[in-house]
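Chain A is fixed; fit chain B onto it per the hints.
Top to bottom, those sequences are chains A and B. Residues 1 to 333 in my numbering are what the first sequence spells out, letter by letter. Residues 334 to 548 in my numbering are what the second sequence spells out, letter by letter.
Hints are computed from structural coordinates only; laboratory data are not their basis. It cannot be assumed that every hint is accurate.
Here are the simulated SDA-like pairs of lysine to any residue, each with C-alpha atoms no more than 20 Å apart in a straight line [unchecked claim]:
id: 1; chain 1: A; residue 1: LYS140; chain 2: A; residue 2: ARG224
id: 2; chain 1: A; residue 1: LYS92; chain 2: B; residue 2: GLU354
id: 3; chain 1: B; residue 1: LYS456; chain 2: A; residue 2: THR145
id: 4; chain 1: B; residue 1: LYS400; chain 2: A; residue 2: ASP85
id: 5; chain 1: B; residue 1: LYS400; chain 2: B; residue 2: SER433
id: 6; chain 1: B; residue 1: LYS385; chain 2: A; residue 2: GLU32
id: 7; chain 1: A; residue 1: LYS140; chain 2: A; residue 2: LEU247
id: 8; chain 1: A; residue 1: LYS9; chain 2: B; residue 2: SER433
id: 9; chain 1: A; residue 1: LYS140; chain 2: B; residue 2: ARG509
id: 10; chain 1: A; residue 1: LYS3; chain 2: A; residue 2: GLY252
id: 11; chain 1: B; residue 1: LYS456; chain 2: A; residue 2: GLU119
id: 12; chain 1: A; residue 1: LYS311; chain 2: A; residue 2: ARG224
id: 13; chain 1: A; residue 1: LYS9; chain 2: B; residue 2: ARG356
id: 14; chain 1: A; residue 1: LYS9; chain 2: B; residue 2: PRO384
id: 15; chain 1: A; residue 1: LYS2; chain 2: A; residue 2: GLY263
id: 16; chain 1: B; residue 1: LYS400; chain 2: B; residue 2: ARG346
id: 17; chain 1: A; residue 1: LYS92; chain 2: A; residue 2: GLU30
id: 18; chain 1: A; residue 1: LYS92; chain 2: A; residue 2: GLU58
id: 19; chain 1: B; residue 1: LYS456; chain 2: B; residue 2: SER433
id: 20; chain 1: A; residue 1: LYS9; chain 2: A; residue 2: GLU30
id: 21; chain 1: B; residue 1: LYS456; chain 2: A; residue 2: ALA130
id: 22; chain 1: A; residue 1: LYS311; chain 2: A; residue 2: ARG284
id: 23; chain 1: A; residue 1: LYS92; chain 2: A; residue 2: GLY45
id: 24; chain 1: A; residue 1: LYS9; chain 2: B; residue 2: GLU354
id: 25; chain 1: A; residue 1: LYS9; chain 2: B; residue 2: ALA349
id: 26; chain 1: A; residue 1: LYS92; chain 2: A; residue 2: LYS140
id: 27; chain 1: A; residue 1: LYS9; chain 2: B; residue 2: VAL357
id: 28; chain 1: A; residue 1: LYS9; chain 2: B; residue 2: ALA353
id: 29; chain 1: B; residue 1: LYS400; chain 2: B; residue 2: VAL342
id: 30; chain 1: A; residue 1: LYS311; chain 2: A; residue 2: ALA327
id: 31; chain 1: A; residue 1: LYS140; chain 2: B; residue 2: VAL521
id: 32; chain 1: A; residue 1: LYS9; chain 2: B; residue 2: ALA381
id: 33; chain 1: B; residue 1: LYS400; chain 2: A; residue 2: LEU120
Here the structure is a predicted model, which means the values were calculated and not measured.
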Amino acid sequence: MKKIINDPKRVVEESVAGFGRAHADLVRVELEPVHVVRADAPIAGKVGLVSGGGSGHEPLHAGYVGFGMLDAAVPGAVFTSPTPDPILAATKAVDGGAGVLHIVKNYTGDVLNFETAAELAAMDGITVRAVVTDDDVAVKDSLYTAGRRGVAGTVLVEKIAGAAAERGDSLDEVADLAERVNANARSMGLALTACVVPHAGEPSFDLAEDEIEIGIGIHGEPGRERVGLEPADRLVDRLLEPILEDLPFGEGDRVLLFVNGMGGTPQVELYLAYRRADEVLRERGISVERSLVGNYITALEMQGMSITLLKLDDEMIELWDAPVQTAALRWGR
Amino acid sequence: MGLDITWAVDWVRRSADVIAEHRVELIRLDRDIGDGDHGENLDRGFTAVVPKLDDLAAGSTPGDVLKLVAMTLISTVGGAAGPLYGTAYLKAAAAAGSESSLDGEAIAKILAAARDGIVSRGKAESGDKTMIDAWTPAVDAAAAAAASGADATAVLAAAADAAEAGAEATEPLIARKGRASYLGERSVGHRDPGAQSTALLLRAAADAASESTGA
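Bound-form chain A, shown alone:
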């Protein structure tokens, strides 16, 4: 394992401290307990948006703290959800009297810790609603699993709900919108290589040189099937087919097409994949209205990508286009 770190136990703290110094115009960073808050929070009368989860998915979530998106982010240990106390601290820090929305990816640990924090916040008189994202079609949801995972669709939920909160929508309106975005988003990912968690010091799973893992989550957890490496177009098709069937997406739909890198795949390959995805959607009469390509929710240095489709309506398009000013996403301002 070669990594630019000092002590595996201090990776998150030292990284978040650096993030705070680099983006002092946008955020302030608290280290006891660790959370990142928008520089001008709390904003009176504005719904506060808090998200968080394990570290190692940068720029998620701290990279999305700022105008038009999140009010606070709570980074846990690498690939481990934060504990309730920093979530509670972040919730208190952004409460401007209009309530706070928790955006939580559907992983058991994240859900349990955010639930506990929300119960504690309620005891302090803060109204909290939670939206649990679960856009990953790789997981067959049933009574016998923990449900679908929340993956790249989370970024789209944060942007669109963040814009709604910025324009002054109420907590219920922002939460309902976040749920609508999640309900219209579907994702699927693949990995070419595993990643190395700093404290584990070895790859998260074993993958032969000519093998890829289809249906991975964002924590380096193994996916649902393992196949031989194939040309990019075929890989894109493998990801898109289950996505298109699932909502389903069909002729006349307007979508946002999001090709996300897992951290170790260069942009040249992501755009190459985007080209094929766009082609497949055109053939099906689906109109790609907006796009996002890059490393937005990652799994350390894992090579791989995910594709997300979001079925858009007029309001979502307007809110997607609304100004945003964060470390990792910035336009219109």
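Just chain B now, kept in the frame of chain A:
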């Protein structure tokens, strides 16, 4: 002879030692079917409890120790293990009440309360390939031992044996809760890391008991 604060404190110290010792093994088990953080997270939690033991007020009870463990795990572990073990120790503390000495029946009740807490938090059932599959046989064995008049040390020994067998028995199961559930049938053949850590912690409890009573 009942178990007192000395036992409870010794259990915590032994827990910290055994988790540190098995940290890599737990990481490996979790890596097979999850994301590999279980050993690291529990090690962080128990390492944080040990220095706090020195701050316990004079006259503290086993229940106070269990509550200290609960609060520390909840605020340091994270993931699913933090809330699940945190709830387990919190419910155990409530069941222990303010008693200064715990007999076999009390120990069996405490273990049952811990298990029930995990079930209500995690909504898992027996056979889902989770820590419940170690806890439930341990609770059943403890209840049976207590009913037959066993003392606290023997009750904990029975619980630890059953937890170890339960952890081993998770290997052929298909995971239905937590992160391993995403693997479906591919989770078969791997031992559940939460069941394994449960077995380690209950063995530490039993070892602390036999040390404290000289059995």
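Structure-based check of each hint:
1. A/LYS140 <-> A/ARG224: Between A/LYS140 and A/ARG224 the Cα gap is close to 10 Å, so the pair holds against 20 Å.
2. A/LYS92 <-> B/GLU354: Violated, at roughly 38 Å.
3. B/LYS456 <-> A/THR145: OK: B/LYS456 and A/THR145 at ~11 Å, within 20 Å.
4. B/LYS400 <-> A/ASP85: 17 Å, holds
5. B/LYS400 <-> B/SER433: 14 Å, holds
6. B/LYS385 <-> A/GLU32: 18 Å, holds
7. A/LYS140 <-> A/LEU247: Roughly 14 Å between the alpha carbons, so the hint for A/LYS140 and A/LEU247 holds.
8. A/LYS9 <-> B/SER433: 37 Å, violated
9. A/LYS140 <-> B/ARG509: 11 Å, holds
10. A/LYS3 <-> A/GLY252: 47 Å, violated
11. B/LYS456 <-> A/GLU119: 18 Å, holds
12. A/LYS311 <-> A/ARG224: With a Cα-Cα distance of about 25 Å, the restraint between A/LYS311 and A/ARG224 is violated, given a limit of 20 Å.
13. A/LYS9 <-> B/ARG356: 14 Å, holds
14. A/LYS9 <-> B/PRO384: Given that 20 Å is the threshold and the Cα spacing comes to 18 Å, the pair holds.
15. A/LYS2 <-> A/GLY263: Holds. A/LYS2 to A/GLY263 sits at ~15 Å (cutoff 20 Å).
16. B/LYS400 <-> B/ARG346: 15 Å, holds
17. A/LYS92 <-> A/GLU30: Roughly 13 Å separates the two Cα atoms, so the pair holds.
18. A/LYS92 <-> A/GLU58: Not satisfied, since the Cα-Cα distance of roughly 24 Å exceeds 20 Å.
19. B/LYS456 <-> B/SER433: The hint is violated at about 32 Å.
20. A/LYS9 <-> A/GLU30: Distance of about 18 Å is within 20 Å: holds.
21. B/LYS456 <-> A/ALA130: 19 Å, holds
22. A/LYS311 <-> A/ARG284: Status holds; Cα separation ~14 Å.
23. A/LYS92 <-> A/GLY45: 14 Å, holds
24. A/LYS9 <-> B/GLU354: Cα-Cα ~17 Å, so holds.
25. A/LYS9 <-> B/ALA349: 17 Å, holds
26. A/LYS92 <-> A/LYS140: 36 Å, violated
27. A/LYS9 <-> B/VAL357: 15 Å, holds
28. A/LYS9 <-> B/ALA353: 14 Å, holds
29. B/LYS400 <-> B/VAL342: Holds, at about 12 Å.
30. A/LYS311 <-> A/ALA327: Judged against 20 Å, a Cα distance of about 26 Å means the pair is violated.
31. A/LYS140 <-> B/VAL521: Holds, because 17 Å separates the two Cα atoms, which is no more than 20 Å.
32. A/LYS9 <-> B/ALA381: Distance ~13 Å between A/LYS9 and B/ALA381 Cα, so the pair holds.
33. B/LYS400 <-> A/LEU120: Answer holds: B/LYS400 to A/LEU120 is near 18 Å, not above 20 Å.
Violated hints for the displayed structure, listed by number in ascending order: 2, 8, 10, 12, 18, 19, 26 and 30.
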